[in-house]
Amino acid sequence: MFIDACAARTTGSVTWRLRSGGADTRSITAGEPLYLRDREAWEERSISAESAPFAPAAAPALAAV
Amino acid sequence: MRSPLIRSFSQLDSLDPDLPVVTLFSGGLDSSYLLLRLRRMGIREVHAVSVDIGEDESSGYKRQVAEALGATIHILHRRAEFAEQYVAPAIAAQAVYLGIHPVSSTLSRPLIAHSAVELARALGAQAVLHTANRSQNTLRRLNGALTLLGYEGVFGSPYDLDPVTRDDKLAELRDAGIDLLAGRIVSGDSNLWCREFESGILDDPELHEVPEEMYTWSRPTALPGDTDTLTVTFEQGLPVALDGERLPLTRLIERLNRRVGAYGLGRYSGLEHLDHGEKVLEIRESPPPGSCSAATGTSRAPAWTPNSSARSGIWSRSGHARPSKAAGSANCGSPHRCSSMPAPPAPPGP
Chain A
1 MFIDACAART TGSVTWRLRS GGADTRSITA GEPLYLRDRE AWEERSISAE SAPFAPAAAP
61 ALAAV
Chain B
1 MRSPLIRSFS QLDSLDPDLP VVTLFSGGLD SSYLLLRLRR MGIREVHAVS VDIGEDESSG
61 YKRQVAEALG ATIHILHRRA EFAEQYVAPA IAAQAVYLGI HPVSSTLSRP LIAHSAVELA
121 RALGAQAVLH TANRSQNTLR RLNGALTLLG YEGVFGSPYD LDPVTRDDKL AELRDAGIDL
181 LAGRIVSGDS NLWCREFESG ILDDPELHEV PEEMYTWSRP TALPGDTDTL TVTFEQGLPV
241 ALDGERLPLT RLIERLNRRV GAYGLGRYSG LEHLDHGEKV LEIRESPPPG SCSAATGTSR
301 APAWTPNSSA RSGIWSRSGH ARPSKAAGSA NCGSPHRCSS MPAPPAPPGP
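Protein chains in written order, with this note's numbering: chain A, 1 to 65; chain B, 1 to 350.
Because the hints were derived from the structure by calculation, they are not lab data. Every value quoted in this text rests on a predicted model; they were computed, and no experiment measured them. Beta carbons: idealized from backbone N, C-alpha and C, even for Gly. Just to be clear, a hint being listed does not mean it is correct.
[Unchecked claim] Estimated spans, in silico, between C-beta atoms of each pair:
#1 B:75 <-> A:48: 37 to 47 Å
#2 B:152 <-> A:51: 26 to 36 Å
#3 A:38 <-> B:243: 42 to 52 Å
#4 A:2 <-> B:174: 22 to 32 Å
#5 A:3 <-> B:18: 34 to 44 Å
#6 A:48 <-> B:201: 51 to 61 Å
#7 B:16 <-> A:7: 47 to 57 Å
#8 B:277 <-> A:3: 51 to 61 Å
#9 A:48 <-> B:244: 36 to 46 Å
#10 A:51 <-> B:201: 53 to 63 Å
[To be verified] In silico contact screen, one side only, chain A against chain B (beta carbon under 10 Å); selected entries:
#11 17
#12 19
#13 21
#14 43
#15 53
#16 56
For reference, chain A alone in the conformation it holds in the complex:
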């Protein structure tokens, strides 16, 4: 059941280049990937998300009268 649950969400394609002695990947592609394609951009987003609860509160849009 565990394997079925994991496998149910595993859909995509892998491209290899075959050579004498083995095969090297060239592409791993999923429709709804969990993998990162740009680590630096992800680090910025991840840090922003972690820091958000500690950011200073924004000034109220309408000042109290």
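Chain B: place on chain A using the hints.
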């Protein structure tokens, strides 16, 4: 109460300029840039530590960069210790990361952390700093190891919350007269058991290619039709001899790297998992594990020939895992098969 984990450059302002600081140093961009920042802060005594566990980079290069940035370099030779106390238990356990590739940094990080803490304690250093960022599991491995070792000072990586762009690091180092590092196109981690590549031109799983010249051991040199027969002798789950010649484990692994790698065997490609389910592409070459592990699970009289399989390593085990001093997170103890095939795309995260 424990000191807070160092996660940003601004936290380094709390360091005492008069007390020593130990940094892990690979000679790469991140660790060189950290030395530059520490020099600018006026830390008088910075000790850059490189733990030699079989890396193929020259210590001369590291010494040149570290000293140019005002640090004292310490090259700590730990190859034999790494092989005998960290790799050996992994061989006996046939430790494989989620069925994808033989564990490597899982083994090396605890030893590197331990070496750094030993030095820091001897020097009375106030901090042990490293340069892993949050898309590298080394961040968790080093911080976890330093925590478990009970290091008394502060520790962590300022890049966790403060990533600095590659261009900015290069420019600032150039301004400081350091222009030795522009050639690197990926991040690398290498020891005598495994060489690993990630980031840079290998960021994108959907489009990646390791330049052939980056491989050291597994670049095929055997001609079509060539064969080679080798015999690895095991005693109590550990390889002790190659073709009947008894060898220390470091020498045996070195020879297997060349002999097996000559046939283009021992490459691994897969997605490693970060702590919230994200995956990152990592590519490895590690020729020996197929020959060190195929036998232990299948026979009491092991023999393995590189040409017996087109796959780069077949792992199967039926023995009992030995406890690993190093591998708290290693996948010891489960039956695995591992080949050069990558991890399935996007399995669910934890």
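Here's how the hints hold up against the structure:
The hint said 37 to 47 Å for the Cβ distance between residue 75 of chain B and residue 48 of chain A, and at roughly 39 Å that hint holds. Separated by about 29 Å at the C-beta atoms, residue 152 of chain B and residue 51 of chain A satisfy the suggested range of 26 to 36 Å. Restraint check, residue 38 of chain A to residue 243 of chain B: a C-beta distance of roughly 47 Å satisfies the suggested window 42 to 52 Å. The hint said 22 to 32 Å for the Cβ distance between residue 2 of chain A and residue 174 of chain B, and at roughly 52 Å that hint is violated.
Between residue 3 of chain A and residue 18 of chain B the C-beta distance comes to about 58 Å, which lies outside the given range of 34 to 44 Å. Against the hinted window of 51 to 61 Å, the Cβ-Cβ separation of residue 48 of chain A and residue 201 of chain B comes to about 26 Å, which falls outside the hint. Look at residue 16 of chain B against residue 7 of chain A: about 54 Å separates their beta carbons, and that is inside 47 to 57 Å. At about 18 Å, the beta-carbon gap between residue 277 of chain B and residue 3 of chain A misses the expected band of 51 to 61 Å.
Between residue 48 of chain A and residue 244 of chain B the beta carbons are some 60 Å apart, a value that contradicts the proposed interval 36 to 46 Å. The given range of 53 to 63 Å is broken by residue 51 of chain A and residue 201 of chain B, whose C-beta atoms sit roughly 29 Å from each other. For residue 17 of chain A, the interface hint holds, since its Cβ comes within 10 Å of a Cβ in chain B; the closest pair sits about 8 Å apart. Because the smallest distance between the Cβ of residue 19 of chain A and any Cβ of chain B comes to about 6 Å, under 10 Å, the interface hint for this residue holds.
Interface restraint check for residue 21 of chain A: the shortest CB-CB distance to chain B comes to about 3 Å, inside 10 Å, so the restraint holds. Taking 10 Å as the C-beta contact cut-off toward chain B, the hint placing residue 43 of chain A at the interface holds, the least distance being around 5 Å. Interface restraint check: residue 53 of chain A against chain B, minimum CB-CB distance 14 Å, threshold 10 Å, status violated. Hint status for residue 56 of chain A: violated, given a least beta-carbon distance of 16 Å to chain B, over 10 Å.
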